[in-house]
Amino acid sequence: MRSSNRKALLGLTLFLILFPVVAMNVTAIGHYLDIMIFVGIYCLINMGLSLLMGYAGQISLGHAAFFGLGAYTSGILCTKFSMSPWLAMVAGVGITGLVAYIVGVPSLKLKGHYLAMATLGFGVIVQIFFNEEVSLTGGPSGFSDIPGLSILGFSLDNDLCYYILVWFLVLLTLIFSLNVIHSRIGRALRSLHDSEVAADAMGVETSRYKIIIFVLSGVYASIAGSLYTHYVGFLSPSSFDFFLSIKLVMMVVVGGMHNIWGALLGTWLLTFLGYEWLHVFRDFDILVYGAILLGVVMFLPDGLVALVPRMSRVWKRG
Amino acid sequence: MTKITLTGQLIQYLFTGVTVGSIYAMVAVGFNIIYNVTDIINFAQGEFVMLGGLIMVFFTVTAKLPLPLAFVLTVAAVTGVGVLMERFTINPLKNASVLTMIIVTIAVSILFKGIAMFVWGKDPYIFPPFSGSKPLFFYGAAIQTQALWVLFMTAVMVVLMTIFYKKTRYGKAMLACADNPEAARLVGIKVNIMILISFALSAAIGAVAGAVITPISLMEYDRGALLALKGFGAAVLGGLGSFYGAVVAGIFLGIIESMCAGLVSSGYKDAVALILLLLVLYVRPSGLFGNVEASKIKEF
Amino acid sequence: MNTESSPVFLHVENLEKSFGGVQALKGLSFKVPQGIIKAIIGPNGAGKTTLFNVITGILPPNGGAIALNGISIEGRKAREIARLGVSRTFQNVEVFGRMTVLENVMVGRHIQSRAGIISTGFRLPGMRREERQIRENAMQHLTFVGLENRATELAGNLPLGEQKLLEVARALATDPKMLLLDEPAGGLNTRETEGLAALIHRILEQGITVVLVEHDMNLVMDISDEIMVMNFGEKIAEGKPKQIKNDPLVIEAYLGEEVDYSDL
Chain A
1 MRSSNRKALL GLTLFLILFP VVAMNVTAIG HYLDIMIFVG IYCLINMGLS
51 LLMGYAGQIS LGHAAFFGLG AYTSGILCTK FSMSPWLAMV AGVGITGLVA
101 YIVGVPSLKL KGHYLAMATL GFGVIVQIFF NEEVSLTGGP SGFSDIPGLS
151 ILGFSLDNDL CYYILVWFLV LLTLIFSLNV IHSRIGRALR SLHDSEVAAD
201 AMGVETSRYK IIIFVLSGVY ASIAGSLYTH YVGFLSPSSF DFFLSIKLVM
251 MVVVGGMHNI WGALLGTWLL TFLGYEWLHV FRDFDILVYG AILLGVVMFL
301 PDGLVALVPR MSRVWKRG
Chain B
1 MTKITLTGQL IQYLFTGVTV GSIYAMVAVG FNIIYNVTDI INFAQGEFVM
51 LGGLIMVFFT VTAKLPLPLA FVLTVAAVTG VGVLMERFTI NPLKNASVLT
101 MIIVTIAVSI LFKGIAMFVW GKDPYIFPPF SGSKPLFFYG AAIQTQALWV
151 LFMTAVMVVL MTIFYKKTRY GKAMLACADN PEAARLVGIK VNIMILISFA
201 LSAAIGAVAG AVITPISLME YDRGALLALK GFGAAVLGGL GSFYGAVVAG
251 IFLGIIESMC AGLVSSGYKD AVALILLLLV LYVRPSGLFG NVEASKIKEF
Chain C
1 MNTESSPVFL HVENLEKSFG GVQALKGLSF KVPQGIIKAI IGPNGAGKTT
51 LFNVITGILP PNGGAIALNG ISIEGRKARE IARLGVSRTF QNVEVFGRMT
101 VLENVMVGRH IQSRAGIIST GFRLPGMRRE ERQIRENAMQ HLTFVGLENR
151 ATELAGNLPL GEQKLLEVAR ALATDPKMLL LDEPAGGLNT RETEGLAALI
201 HRILEQGITV VLVEHDMNLV MDISDEIMVM NFGEKIAEGK PKQIKNDPLV
251 IEAYLGEEVD YSDL
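Chains as they are written, first to last, in the working numbering: chain A, 1 to 318; chain B, 1 to 300; chain C, 1 to 264.
Simulated from the structure, these hints should not be mistaken for laboratory data.
In this text, a Cβ means the ideal position worked out from N, Cα and C, and glycines have one as well.
It is possible that part of the hints are untrue.
Calculated pairs, EDC-like style, for lysine to aspartate or glutamate (alpha carbon to alpha carbon, straight line, at most 16 Å) [claimed, not checked]:
| hint | chain 1 | residue 1 | chain 2 | residue 2 |
| --- | --- | --- | --- | --- |
| 1 | C | K77 | A | E205 |
| 2 | C | K26 | C | E16 |
| 3 | B | K269 | A | E133 |
| 4 | A | K111 | B | D39 |
| 5 | A | K109 | A | E205 |
| 6 | B | K269 | A | E196 |
| 7 | C | K26 | C | E234 |
| 8 | B | K122 | A | E196 |
| 9 | B | K94 | B | E182 |
| 10 | C | K77 | A | E196 |
| 11 | C | K177 | C | E205 |
Chain B is faced by these chain A residues, among others (derived, beta-carbon under 7 Å) [what the hints assert, rightly or not]:
| hint | residue |
| --- | --- |
| 12 | I59 |
| 13 | Y114 |
| 14 | F284 |
| 15 | L287 |
| 16 | L293 |
| 17 | V297 |
| 18 | F299 |
| 19 | L300 |
Using the sequences and the hints, build the whole thing.
If you want it as structure tokens, here you go:
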């Protein structure tokens with residue numbers, strides 16, 4: 001791993017250790033721990049999206065569907081079939097991975113706007129499915145009483161334990177993703193960006209890697225979905241609607257889609273905005289979201305993370 | 001006896017389908033107008049329809065203006081919105097990547113949606129039909145007069161657009177841009193202006209669609225996305241870029257959807273159009289009526 | 001070298017390629033024996049680069065046959081042909097500009113490595129070993145072309161001459177049996193061209209068959225074992241450099257061109 005990544009990883013880990021210590025001792029931000037759990041869950045999805053958009057150069061406007069598939073598989077298997085949550089999570093990964101593969105193979109042959117529309121359409125179809133298959137999903141009102149998670153009989157039912165679990169998985173996924181980026185697979189993907197014809201001539205299997213990354217990002221989203229289910233204990237289709245897909249893309253773009261750290265930054269910022277800092281705007285959050293996204297795309301195409309080197313340069317200069 | 005009711009029902013479904021389909025057709029034509037000149041799919045296309053409906057509500061119900069005046073003002077207002085969108089977001093980003101352009105139009109659509117929610121809130125709105133709410137009866141089917149207005153407006157749009165493309169200087173210039181932007185530039189066509197006009201026209205057609213459909217289907221702030229998706233389905237089905245293809249495919253999509261809702265399951269009616277969209281994209285991306293050779297689909 | 005006795009490595013038969021109404025290749029046939037340097041010359045627009053693009057699978061042919069060591073490859077995908085041992089450089093350099101020089105060559109090792117998503121994600125021991133081998137091998141190829149000091153720079157920042165060398169290193173990293181060089185001397189100065197000639201000889205010594213498209217006649221006459229001359233998508237002459245020099249058809253084809261044919 002590169003030293004810059006190692007430093008950033010160390011910094012993130014330190015922050016994650018200190019965060020609950022501070023949050024739990026300052027009443028005003030005591031509930032930030034809860035928000036950070038959601039940040040972690042969305043970070044899981046968005047690391048996959050970042051690989052897909054920033055490295056494989058593809059877009060998906062349907063990732064809420066993979067998130068939902070993971071969540072519903074976990075929820076249904078645990079409540080209706082009393083399966084162990086961990087096994088259900090694995091089943092979710094299997095099902096979502098399979099769906100991602102089946103959808104990905106034909107979709108990734110499409111380019112640009114067509115891919116965007118195809119994934120958007122797929123996402124809406126899955127949401128309709130959640131709404132209509134009442135006997136399985138509980139329909140529009142969803143279902144509740146989904147059990148929490150435990151490890152070896154030790155319940156993870158409090159925020160701190162869940163925070164540790166979620167962010168531990170985020171760190172693992174982050175390291176996994178960074179490893180992929182700095183490997184032959186990551187190099188193959190990046191080479192496509194610069195010259196598809198030369199990549200082809202070097203024998204890089206363009207379409208194969210696009211599909212692998214698409215499935216991988218679906219798997220990340222599925223794990224996130226399972227974690228979400230067991231945390232909130234309640235599922236309804238509105239949590240996985242197409243606007244969530246758009247919001248996920250937005251988080252990645254605002255943070256900076258060509259950098260996986262950007263995805264983390266964007267997710268953190270927009271989730272806190274949505275759960276906490278935008279409460280002043282109440283229902284008008286959509287307006288603010290639109291304005292932020294438009295502003296970033298127009299004036300900061302590499303996202304907020306692009307400001308980091310600039311700031312550190314200014315800082316070093318004194 | 002049962003046979004007659006079935007016929008009546010079928011006619012009812014057919015008519016509903018054609019009505020809704022006309023709206024899809026107008027959205028699809030809106031997509032095509034912009035796509036032909038810019039190669040951009042405007043994800044905010046559905047928002048033009050939503051704004052058309054809600055602004056029409058404002059002028060008729062809130063401002064109590066006479067119908068024709070309200071209609072003209074609505075179309076003018078939404079056209080203005082389209083022009084602003086082009087000037088402030090599309091025009092400054094000339095050489096941006098496809099991915100960026102997708103995200104920009106999505107951002108604009110979110111912004112429009114947000115503004116609509118800010119102004120009108122989350123409730124659906126309606127205003128009275130153009131010619132009263134008394135339906136006509138036809139072989140046992142009840143037909144709303146407003147639906148006839150929808151068909152009439154669609155027909156007017158088709159005729160006007162045909163005249164525009166075939167007879168006017170700007171229309172011909174726009175076709176030239178669609179064909180070969182470099183050559184168009186060389187013969188002195190101002191591609192910039194053509195792009196602006198395409199957004200204005202596209203917004204205007206969206207506004208008309210929104211204004212005529214609202215008395216039937218109501219309108220709320222978040223209706224745009226699904227309309228855009230289905231309109232895009234129609235545009236692809238008809239062969240992206242093809243004007244008449246879009247009209248036929250839009251109406252076709254509306255009929256299929258309405259038949260499915262009536263005869264199979266209303267819950268899955270939205271899914272039908274989308275599954276059809278996916279199938280066409282996967283199997284025959286040049287569209288049902290499009291020419292495979294001429295299809296540029298996998299090139300950009 | 002006695003070319004008649006070597007087995008044929010590349011066999012092209014009746015190759016056709018047209019763009020719209022323009023026929024870029026008109027029933028072209030030729031052979032490249034194993035282990036030689038073959039140059040393809042001809043005026044601009046003769047179809048030389050098109051020929052390369054068809055052989056490497058970037059463009060599909062409209063007709064005819066191409067065989068590598070007896071395996072027919074016409075119409076196959078570029079990546080399959082790369083795996084069969086054909087690598088190339090590009091006339092208008094196609095380096096991966098936003099990757100480092102070393103990473104460029106490491107992409108060349110792609111088909112010679114196999115780590116999948118799981119082993120790369122978890123950095124399993126096999127993948128680490130392979131990654132180390134990729135790096136060492138790429139570094140060797142950089143040293144081979146003389147770019148070892150540039151390893152950490154961004155490829156897009158190199159001057160043209162070095163980008164061309166980088167493309168050679170990247171192509172060699174695939175362990176090709178045949179290397180296609182598309183105008184390797186284009187844009188190089190005299191000293192760089194001399195270095196290039198030596199480099200091509202060293203490549204040949206590794207047992208790699210070299211086919212090059214080139215305008216620099218001094219270089220072509222100096223290093224080639226065989227020369228094929230093309231014009232308007234057809235072969236107008238083929239033979240040893242000496243024969244080509246005296247071929248009246250070749251001289252005629254070049255008469256209208258601004259090429260220094262006094263050397264011929």
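Check your understanding: Hints broken by the structure, by number, lowest first?
Key -> The structure conflicts with hints 6, 8, 18 and 19, although it agrees with all the remaining ones.
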